[in-house]
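Keeping their order, the protein sequence lines are chains C and L.
Numbered by our numbering, the letters in the first sequence go through residues 595 to 885 in order.
Numbered by our numbering, the letters in the second sequence go through residues 1042 to 1345 in order.
Derived from the structure by calculation, the hints contain no laboratory data.
Don't be surprised by glycine CBs; every beta carbon is placed ideally from N, CA and C.
Incorrect hints may have been included.
[As the list claims (entries may be wrong)] Here's a subset of chain C near chain L, in silico, CB distances under 7 Å, partners left out:
1. PRO679
2. ARG685
3. TYR712
4. GLY776
5. GLY781
6. VAL864
7. LEU867
8. VAL874
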Amino acid sequence: MESLQILIDGFAISSLYALGAMGFTLIFGVSGVLNLSHGAIMVTAAVIAWAMASSLGVGPYLGAAAGVLAAVITSFATYLLVVRPIQTSRRIAREEKEIFVLTGTLLWGIMLQEAIAYLFTSNPKTVLPLIPGVISILGVRTPMQEVLTAVLSWMVIGLLWLLVNRTRAGKVLLAASINPRGLTILGFELSTIYLYVWGLYGLLAGIAGVLLGSFLGVSSDNVGQLTASAFSIVVLGGLGSVSGSLLGAYVVGYLETITAYLISPSIRTVPVLLLLVLVVYLRPQGLLGRR
Amino acid sequence: MKTGKTFGVAAIVVVLLACFPFGVSGYILGLLTLAFYFAVFAMSWDLLFGFAGEVNFGPSFLIGVGAYTAGLLNHYAGFPIWACVIIGALASVIAGLLLAIPALRLRGPYFGLVTLVAVLLLQNVIVLFAGITGGEIGLDLPDVLSIDDSNNYWIALAFMSISGALLFGLSRSAVGLILQASGQDAMQASALGFNVTKHKLAAFCVSALFSGLAGAMLIFYEGTASVGTVVDIAVGVQVIIAAVLGGRRTILGAALGAVFLIVAGELLRPLGELSTFVVSAVALVVILFFPGGFLGTLLHTGDR
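So here's chain L without its partners, still in its complex pose (with noise of 0.2 Å):
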């Protein structure tokens, strides 16, 4: 029922979006073609969180395995843009069927732990080959996806639209309702017949599938793999940021919840270092206050 209306609204948000490089600066289409793919990794990590209930405190492990694969490839081996995209997602699904197996073991902070440690592991990993990986500087990439700023927002926008719809379609589906149950009571979901393990798999997949997507055209988009921008646990800590923000089990909720910590990130930059601060400070009133997000938040009180 509400579906339909949300979807409805999206898409004319989508619309609108599509008309800015007709008014706006290349400088503001920069700043959102990078929250676009930001949007990806969280509405990725809200379908894992929020669905499949994993505590992933890594979600830069599965981006960063995407965006170095294809990296790599596409410096060394010279394969396409379009290879190397696929062949990084792919390698993401590996990553996230790594992680899979101990979270199917462990509960809650171990589980947390595991994946921070991955994320620790494979910084390390990146800066002790610096001679193969570009270490701490970055790994320059001779294509990039396109030179015009329009071009670069429309690939973004598109790739963030169909990402979000298919996310979001998947979580309002059967599947999508026997996740949840999972998350919140995998004991009584397997009494009732629904194979937790397959479901849990499956969602670990489809997060780092789109993970690693992002993340491997967002290093095309910027023409340089650095672990600052695809592995650091910083960029882990901000997408959480935006999905809890953006309101956790609404998916689209996380896609807002990246734009606005992007967007607010950039106008608060005059504050210089005290511009974290200030957002991080936002985050936490949200968190306390709104606990449900801005999108639960909105859509809790349409209900009354």
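Next comes chain C alone, as it looks inside the complex (with noise of 0.2 Å):
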């Protein structure tokens, strides 16, 4: 009985973390930008999510549709107000670019943060649920938030995939993230790619963020925790590898339940936090990656 509760509720976990680390991944790997503000992207969506719908009282749906749109918002604003006018920088030496939008990003998320605990408090909040009650699979009682969660975090991640391997607009980013000088030589200007890549990763965040927030709850607190936890499962699967980092989410989301069920919820993070030492050590590149 355990075992299957373990397997149902890390299957959960690891789908949302998929979700939440896809984002990240994905502007990497076209922009390689390390966005140290992504977990405040998230917890803006689901913050103004919850606000919108328990508040305001614009039922679930409207509320979702407006934490994910304050995410894209939130993600254009990371990009034009702190990457970009540190990336066109002049009076920063180019191999100091990459300390500098980490140092960017990192104090944009505190500001998030910050504005977050302002307006809102800090005290946890839960997203109203999408889809209420409970059904039994296999006889263990699972919320139906869990079931929408799991099975909307493989939609978006199929229609990402989709977009990215069966559209033009996906060949694009794909050559924008192996040769982007190859491709304003054919003639596409590079900063409408990034826009455009920045506002798919605040679609990806935000609804990986009202998800979360339905599902587990979140708080301005969590920030820093959510972006450690993408950035641990991205580097695990090998970065800028979307199935690296698919299989990065799963190994750590398993890892994380196995743990809080079989010994204790107090060191939940412990054997994930290990095992990325050790492959970093061991395999730098990460599960998937390429050297």
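Using the hints, build the complex out of the two chains.
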């Protein structure tokens, strides 16, 4: 019984992690940016969805939509106000852009976190579930919201896969990640592509944030933890590798769930951290990454 | 050439600061004391990042190891303060070597992640063994450096000045130049015949030594060691912000940034929860518009 419970809970959490990490890896793959405000963008989506649905009473669906929209807007703001000025600045040496983008997005994330805490307090908030109720899967009582989380996560990941591999726009994205200079020679405007990627990223982070908010609940104090877990998943799987991120998400999700159920919830993240150190030492490119 | 002038200005500032206890309230002295220890954290970080080119996201790992080693020795074995501080600093150096091993193999984001994980693990260990370490509440220490505000202030100021002079001198020496070369282009530096590995290891040891010393002294100033003051990621983030804000690759700028951060955080306290927001926003604006930081911008305009 317990193993079945672990199987189900682990699957839902892992799917959510996978979705959250997808946007993170997309931005890194296409534009080489490690966005340390990732957690803050997810929490923004969840908190806006909560505020709209619970306080203004527009209902769970409109609330969720508002949350995702807020994430997209925040994502554009991150790019236009923080990342692009650093990338185009002539006063920052090229080899230092990376640390500036890291520090800049980190500060931006702290600003978002503090703004949320100020406007909505840092109390944990649970977004109204899109579908209430409980169903029984092979005898395990599972909230409908948990099932929905897993299904929606996979649907979005599937759509993303179709977009990248089956559409012209996706091909442009792939090309931008492989050879940006070649793409500009072909007459594509890189800055437009980046805008488009950040929009897509906002969408992914927003959906992940709203789902997280309705499944586990969020508070502005989770921001750092969320960024760190996306970062670890992506590094575990291999930076820039989409299938690697999926694998990484499942390894992390199940390892955490098993630890929480069988040992103690208080050391939930410890085995993941140890595994991460081990992988980074022995196989720095990650599980499925290429050198 | 410029080194001498910078040293002169810094010496005058230190002398002026040393006179503060004769005319300033104990509250401000306490604030500056904390800021001075923070300054050493930031300067040590700048040596690793600005010169050796290693992005260490977990300065609080080195600080925390030093602080907790010293604290536990004092709490359980009753060692005198000076012995605790020295052993704590040595423990930090060992921690620094532990970090250096991956740093020599990994690049950029990967190394950054390892340092981040190191902090999280340390924090988890401290909280898990709360029975011994005091966990999130903190570990109370039987001994304190001094109960007098002025003495504490002078100890911190002297410690910061000596550490700053040593680190600054090191950064401007031949070793500092080789480090800088190794950080910017390790391949070329080793092609020129410099032992990159040895120099980077040395940088890690020195950075860890000062971080550990400062961490250990800070807890003996406060009389308690807690995760929130010496281990938490937020502490590390503040150290990084201070160093980048003050001007990376300047060492002394890092001290300036640290004092600014601590004092600004206190001045903005009436804003309540918004104070962190404002400090972060200011830091972001400085990074975007004056990437050289306070000291970098100052020295640069002086050049022209």
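Broken hints, by number: Numbers 4 and 5 - these are the hints that the structure violates, sorted from lowest upward.
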